[in-house]
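> These are the residues of each chain, in order.
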Amino acid sequence: MQPFSFHRPTSLDETFSLLEQHGDEARMIAGGTALVVMMKQSLFTAEHLISLDRVPGLSGIRGEADGLHIGALTRHRELEMSPVVRSAAPFLAEVYSHVATVRIRNQATVGGGLAHADPNQDPPAAFITLEARVKLVSRNGERLVPVAELFSDYYETVIQPGELLTEVIVPPVAPGTRTAYLKFLPRTEDDYATVAVGATAQMQGGVVQKLKVALIAAAPTALSATVVEDQLVGKSVTPAAIRQAAEAVEAIVDPLDDFRGSSSYKRDMAVVFTRRALERVLQDGA
Amino acid sequence: MVSQYQVIGNSAPRVEGIDKVTGKALYTADFSPPGTIWGKALHSPYAHARILSIDTTAAKALPGVHAVITGRDVAGGMYGRAIKDIPVLALDRVRFFGERIAAVAADDEDIAQRALDLIEIEYEELPAVFDPLEALEPSAPVLHDGASAYQGMKLPEGAPPNAYSVIKVDRGDIEAGFAEADVIVENTYHLPRVHQVYLEPQSVLIWLDGERVQVWTCSKAPYNTREALATAAQIPEESVVFNPTLIGGDFGGKATPSDLPICYFLARASGRPVRMILDYTEELMAANPRHEVVVQLKSGVKHDGTLTARQVRFLVNSGAYAGYKPAGIIRGSNQAAGPYKIANTRLEGINVYTNTVPGGHMRAPGEPQAFFAVECHTDEVAKAIGMDPLQFRLLTLVEEGEETAFGEVLQDVLAKQTLMAAAEAAGYYSPKAPNVGRGIGIGDRPPGGGQGTADVTLRPDGTVLLTTGVFEQGSGTYTTFRQVISEELQIDPERVEIEVQNTDYVKMDSGLGGSRGTRIYTTAAYDAAQAAKTELIGLASRQLEWPEDKIAYAGDEVRRTDTGESVRWADLLARSGDTVSGRGHIQDSARPHFTSFTAQIAEVSVDPETGEVKLLSFTTAHDVGKIINPISHQGQINGGVMQGIGYALMEELRVEDGRVTTLSLGDYKVPTIRDIPPMKTVLVQSESGVGPYQIKGIGETPIGPVAPAIANAVADAIGVRVRDLPVTAEKVFQALKEAKA
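Sequences listed follow chains P and H, in order. For the first sequence, numbering that gives the first Met the number 0 begins at 0 and goes up steadily by one. For the second sequence, numbering that gives the first Met the number 0 begins at 0 and goes up steadily by one.
Here chain H stands alone, though its shape is the one from the complex (with noise of 0.2 angstroms):
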């Protein structure tokens, strides 16, 4: 097929490549406006706890030191991003082990620790409570007493203790269902929490200069993030920007307030620009870790792979807080009944609240865990009933003009195709060596929606601006622009140039995130690129006295398509000496009526006297709309499967009576390259998409059904079945020793 584009869909090197791997590149740790000095914070001891008293003479009397901070100095200041249920310092009691209770600003990392250490405080220790299940029981401690009270926080009425949203759906007759069943099959899985593990640490700069408060933080929502700083701070939204900065990774958790109300209050305390950067200690205590999750799964099942009824339970362990989800609470629920047909459905969604570390957004918040239990009890339903895993999910999946198992109705449906795809490619049914084992994982999830802004401004010197309000942590956006600019304008990638704006820019933008940022921002660049041409074409209409309708843009030129004649338009820019801009806005929020699946195969061998587990192929297929820019689409791909290798077999924030013990890389791992297997992905194209080019988003769907491929491909190699991640050596010896006894 020949393309109708020449710059869009053709491999483009990153904007900022250059200055990334040449160091030139600033993050937020780079800047320094005269008199910058460090703030840190002091995490608490206890999991949940009374303050009773707090001294902190010692710590204020420390040379070079500027300010020291407590709960009473912060004006009673709650954050969070859509649920204001965090004190920005405790004031009289602690939920988690990490939450920060004071803080210090000092010449240096050093002395603010120091300080830090000489602040003394009483405590008395209060019943705590870590796992969600327990968090339920009527004799659980209540967290929040006053939970109704907070700014974005809708109760559900009649719901059990600490539990602070419930979802409830119910589709068909789920006890008729049931009773319809041949064989009913129940599980529960367990997944733990797991850090982003980004390179660049959470960090803020803050500088009050005069009115304004000035803002370099790692946020890529900054609009959002201002939000939650100018309410915990009680300060007018306007009076607050946070200046352009690139992201050193976020995977999800970089659009947390975390630390920005503290350096605020700590900047204003000192009258100096302060500099707050967690260590990885910190990070992997109290940031904003993808959360733990347990999922109840009942299906009912006819012998002909018929199946009958699905009931849900998806219970978020949420953490001490709500405040650091976007949303307050996570999906995921609504995806754990997976991609499938079934005419009876029921779901229960609930986020509890316990004195853990409170979870943030990683990477597709929800739906690892969801597609993790979903797609292994797809194989153990498969197992009941005889049936081959990848026939019964043929059986089973939805095709086009049917529900999902909770009542949605999608167009363009590729489930059985990519599926198929993934298969063909790993040659799932090829002779297996002994304990070698091939698993399945699927999923699904349309791009993400929300606002954007983008200005193109064509310059006499033939050069064209682009301008935005969006920071980047890595995806690729700004390249996007550039690949949009240079495909709508006709003309060379280089004389694109990419201008990032403050806060100032426009009211609101939503920023990268939910695999949204291609959808958006494409969208933006072009109605900004047609709105430019509009005008150029006004322009040239007045000043060359052409007729407006005998105008076309052409490249370089503008031409008169009735006489031929033609002009530079940056020639004609030159003359008057103006320049022409155009804007695009979009505002989508609207869930597709398309989605876009990811059907996975792990091949694994597994040592039957160890229990190691060692991946030898992976194969990952999806669904795609037009890819704007190859090698970063395949970026996405490799760096979400990579993730979600992680996530399968060696990535756990442990945590032992409400304390993560995990604290450093050193125990905490993720994979490095040698862990990765040869990788073969397919892509299987789609007729749908959104935007002008028809795009769907590949920032989230790699990442989540991994794991389930991998836990079943142990399984089908070894006969057991590990349940909760990751799936370690040990968990697997340890299932095999119970399989023999």
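Bound conformation, chain P alone (with noise of 0.2 angstroms):
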């Protein structure tokens, strides 16, 4: 690993001036998980890191009217374990018990994750399809983005120099909400999804309310699929009406090829796998 200085700042002032005075030489660094490793296989070199584990106020969960507020330092086993979380959206927490191991649950932040982009990463399925939104901070002010909208390529977002992801905002889950995670591990249990499928939905009378899907691992960032939604919102389900819906998705897919799968395969397993979970919040019993 190449040698670098490591600042620890008190408050978000003061990680803000550093962000200014290092620039692009400098890296924010919250759980390390990810950073550390890619650091030590030389795919990333920083001159300067700057750790947030002494800025207050960054972690922690508060349910609220409009919902639950996530601070970006909290861990990922404090969300999955939180009587908070578990009542108010447990379909959150049910992602997060699928990221990884608990050794790493315990170390990486929820924060940390979300800016270190990578389309494998679980919480993006939970996030996007419960309309979650991520409080952006910088020196002239904050802004809400959708996590829908967050990421924007491979290992990249939206958040510009000198913004800071301070914490992630759920919305009340709607009572009656369904969901479903299905992660494709065809290799080990132990390893990141081929693909995997989240959905959210409502339903009333068997038509469809409301519906929201993500896909993971399927394109350079986690997908929002209005695609599929849009097909399927307001009408009765059917299971053909499922099947064409889900076939949508190969359209708006993209995979890598690598060692979980080439890109042709997880094409199709994206589309078997958005299907069933279409059947498991759409159909009774499914």
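Derived by calculation from the structure, the hints in this document are not laboratory data. Accuracy of the hints is not assured; some may be wrong.
Taking CB as the label site, the calculated pair distances span [claimed, not checked]:
1. 584(H) with 36(P): 43 to 53 angstroms
2. 107(H) with 36(P): 11 to 21 angstroms
3. 16(H) with 159(P): 51 to 61 angstroms
4. 144(H) with 159(P): 56 to 66 angstroms
5. 718(H) with 159(P): 39 to 49 angstroms
6. 653(H) with 65(P): 43 to 53 angstroms
7. 234(H) with 36(P): 36 to 46 angstroms
8. 33(H) with 159(P): 44 to 54 angstroms
9. 100(P) with 608(H): 22 to 32 angstroms
10. 206(P) with 608(H): 52 to 62 angstroms
11. 140(P) with 121(H): 49 to 59 angstroms
12. 33(H) with 142(P): 54 to 64 angstroms
13. 121(H) with 143(P): 48 to 58 angstroms
14. 16(H) with 137(P): 47 to 57 angstroms
Computed list of chain H residues with no C-beta within reach of chain P, every gap over 10 angstroms [what the hints assert, rightly or not]:
15. 35
16. 184
17. 196
18. 222
19. 462
20. 564
21. 586
22. 604
23. 667
24. 670
Derived coverage of chain P by chain H (criterion: at least 3 residues anywhere in the stretch with Cβ under 8 angstroms from a Cβ of chain H; other residues may be distant) [as the list claims (entries may be wrong)]:
25. 0 to 11
26. 186 to 192
27. 263 to 274
For glycine and all other residues, C-beta sits at the position ideal for the given N, C-alpha and C.
With the hints as a guide, bring both chains together as one complex.
If you want it as structure tokens, here you go:
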């Protein structure tokens, strides 16, 4: 690993100053589970690492009227085990339980994971389908960005230089919302997904009131599959309609060839698992 | 059956277990003589290239760097275990991606890495060959022009290019055998390279301490590795001392000399003790993985199930060098016709050089490859004549007194009994749900031989010291020693202390490997205990003036058989301040006339829409001798089966244009405990075995038939066959798609 300077600011203000001072040569570090591995493999080098561990107010989970506020430095495991999350948004806790191993989840942070923007990570499947937003703070103020619009490319986000992801806000989950997260792990249980699909839905009298679908490991970014949603919302559910809607993901996926499968296989599997996720959330007894 | 033993046959905790789980156990990386610095090697970024120039000026100038060496600084040193064909550092040519070209010793690992980055090398790329079949073509680039000059090399006459070993066996009349057949089945199977994935990477520390070369390294065959190091460094073997250290996992891979010669030359150039530890990228890129093998099988069979002929072509991709293999080649070809009765057989076994990472040893070298091919093929032959795979095997497996496919006659053959035991335990014929299948794999191997020594010393405080030259890799040999001594001297196991000696102990000791540990070391320890008892009786006779033939050893005492008088031997020793010792030495490399069968049955479900294979249960039956330590024995079975599951379903060192691309354990996956299905073990007691307790080996037998059992179960479940490992969901999916088309 190349030598670097390690900074531990104690306020947001000081953090912004360090970012201004070091510009491109600086990188923020939270849990470090991804960054340190990349630095060890020389995939990434930084002159300055700015640790957020001493900046107050970035960690913890609050339930408020507009939903759950999850601090960026909250550990995966804390979110997964949180009684507040388990009662207000159990689907979120469930999806987090699929991330890596307990040891990683004890260290990795919610904000760090999102900012890392690895398209293989599980959490966006929950955040996108629960319509969560992230808060991006800078010297000049703050803005809210839907998680569905956070990722711009492979390991890239819309977070601007000088901006910091401080929290995730998950709006209240409507009663009766049905959820599914299907992670396809054909090699070993300890792996990134070959493809994964998250879905949330509300049904009334056999008609789809609301539907959100997200795909993981199927493109350079986590995908919000609005093409699927548009085909089914407001319609009565039939097996044929589900099959047809699932096939629509073929047009939006762009999977990479890797050790978890070829691009063409992942494309086929994206359709299969989208259909299965839709069956789970739209069909009774499925 | 009431056991005649008190200690042997009862589960015993590990001698070194508490130290391991409390972190007190010492491994190579824990040793650090004053002034120790880090060594690191530079690996070739080409699969085949000429080295035009190397400039180390900038690397040498980096602060904190103590030595930079290249092929010019190693005196033409070549190394290897049997065939010395590996240059310590490439001189003018590299033959695989990852080959070591230069090395640096520096204050720490990061500085060493930065210095490596500063070394400038000019290459001229050469045409390369990666595929073992292509390497045999007359037009293939030749890797080793001067192969016949290598120490230990016996080149076969008239062999194709790059083939450095060709074994041919002809038995019966193969043409007549095929002519006699009703059906001929011909298949090709492909087995990928896999890594041992020991927790502790290859590690070494070398310290030139005056006249002696002090070595700490994770080698389970320290005497053999010492020879390889001494030859490479061109120094007398006696000047080298391998010091005891525990080994953090082995699975066959931990007797490679890999970085030892480099480490020696770095220590010499820097005048400091040098430590080298591979990181896992280097491990996966350039250690000593299990070989890629292509197996071509052709069988003639009659409609009644009689096998009339079988032809085997077993093509081993050795990689760029042969030196990591203890015998220069791997076995397996002799197993690739299976334990079946076939009158006419032909074998061609070829080891061939290619521009890929050299293979070494991994648990049962060659056998999982052979078993996969022949056991899948057996199912395919059975299918061709419309016979149930279990019935077909019961019809064709060898029995007592019959010759195996390559003419060996074995005693106490329990092939069918072991298979039936597995079938019954697995409920082989019970009804199956849709897309669920069961598959069989069977194979055999006897325990290996070698030489080993043990000394037993009875001490005045009533304790007993067992001295050994074994460096334990986790298979439980120290515990076996303690059990044997405790049994034979009739004392509490807690009173037996194990002392591990460095390589000055004896002239030669084979160390662990080849399922020889229990065979060799129970015999050595048993003989040492008997010799020590004899010595004690002699001492008692002298001291007490008792007639020697009237003295018996009885636990804590020596007893006079005619008068019934007895004396505690500890008191006897305390009186004179003496100790008594006995040595056991065994040298026995003969292949036993018995073997040990493993029959396994996998039950899987296959998702027809995705190809995903789920292992529902696994049954493993073993024909066993006396089991010394049941918990360790079961551990070997469980671990072997798990490793076999990895081989079957997920493990593969992917190689693209000669370059290993699975360079982390995130990409190269091994099974975790969540991937392991419910397992059932059945032990079939055999009347035969070797050594004082009539044992059979268990270290290697459990891994072999796992993959074919799983592949056969997949075929049974869903009607498609995958002939190249691993059986991934995608391959099954593709096969299903092709079957539909």
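> Please go over all the hints and tell whether each is borne out by the structure.
Hint by hint, here is what the structure shows:
As the Cβ distance of residue 584(H) to residue 36(P) is approximately 50 angstroms, the hint placing it in 43 to 53 angstroms holds. Range check, residue 107(H) to residue 36(P): Cβ separation about 19 angstroms, and the 11 to 21 angstroms hint holds. At roughly 55 angstroms, the beta carbons of residue 16(H) and residue 159(P) sit within the given window of 51 to 61 angstroms. A beta carbon spacing of about 60 angstroms between residue 144(H) and residue 159(P) agrees with the range 56 to 66 angstroms that was offered as a hint.
Taking 39 to 49 angstroms as the suggested C-beta distance range, the pair residue 718(H) and residue 159(P) does not conform, at roughly 56 angstroms. Between residue 653(H) and residue 65(P) the CB atoms are about 48 angstroms apart, so this pair conforms to the stated range of 43 to 53 angstroms. Against the hinted window of 36 to 46 angstroms, the Cβ-Cβ separation of residue 234(H) and residue 36(P) comes to about 40 angstroms, which satisfies the hint. For the pair residue 33(H) and residue 159(P), the supplied restraint of 44 to 54 angstroms holds, since their beta-carbon distance comes to about 52 angstroms.
Under the hint 22 to 32 angstroms, the C-beta atoms of residue 100(P) and residue 608(H), about 29 angstroms apart, fit the expected range. For residue 206(P) and residue 608(H), the Cβ-Cβ distance of about 28 angstroms falls outside the hinted range of 52 to 62 angstroms, so the restraint is violated. Checked against the hint of 49 to 59 angstroms, the pair residue 140(P) and residue 121(H) passes, with Cβ atoms roughly 55 angstroms apart. Take residue 33(H) and residue 142(P): their Cβ atoms lie about 58 angstroms apart, and the range 54 to 64 angstroms holds.
As the Cβ distance of residue 121(H) to residue 143(P) is approximately 55 angstroms, the hint placing it in 48 to 58 angstroms holds. At about 56 angstroms, the CB distance of residue 16(H) to residue 137(P) agrees with the hint of 47 to 57 angstroms. For residue 35(H), the requirement that its beta carbon stay farther than 10 angstroms from each beta carbon of chain P is met, with the minimum near 20 angstroms. Residue-level check passed: residue 184(H) sits 30 angstroms from the nearest beta carbon of chain P, beyond 10 angstroms.
At roughly 12 angstroms from the closest C-beta of chain P, the C-beta of residue 196(H) stays outside 10 angstroms, upholding its exclusion from the interface. Remark: the non-interface label on residue 222(H) is consistent with the geometry, its nearest Cβ contact in chain P lying 36 angstroms away (cut-off 10 angstroms). No beta-carbon of chain P comes within 10 angstroms of the beta-carbon of residue 462(H); the shortest separation is about 42 angstroms. Look at residue 564(H): its CB is around 64 angstroms from the nearest CB on chain P, clear of 10 angstroms, so calling it non-interface holds up.
Once the 10 angstroms rule is applied to beta carbons, residue 586(H) is consistent with being away from chain P; the minimum gap is 44 angstroms. Residue placement check: residue 604(H) keeps its beta carbon more than 10 angstroms from all beta carbons of chain P (closest about 13 angstroms). With a cut of 10 angstroms on Cβ distances, residue 667(H) falls inside the contact zone with chain P, its closest approach being about 8 angstroms. At the 10 angstroms boundary, the C-beta of residue 670(H) falls inside the reach of chain P, the nearest C-beta of that chain being 6 angstroms off.
Using a Cβ-Cβ cut-off of 8 angstroms, 3 residues of the segment 0 to 11 of chain P lie near chain H, which meets the minimum of three, so the contact claim holds. Counting residues of the segment 186 to 192 of chain P whose C-beta lies closer than 8 angstroms to any C-beta of chain H gives 6; at least three are required, and the coverage claim holds. Residues of the segment 263 to 274 of chain P with a Cβ under 8 angstroms from some Cβ of chain H number 4, which satisfies the need for three, so the listed coverage holds.
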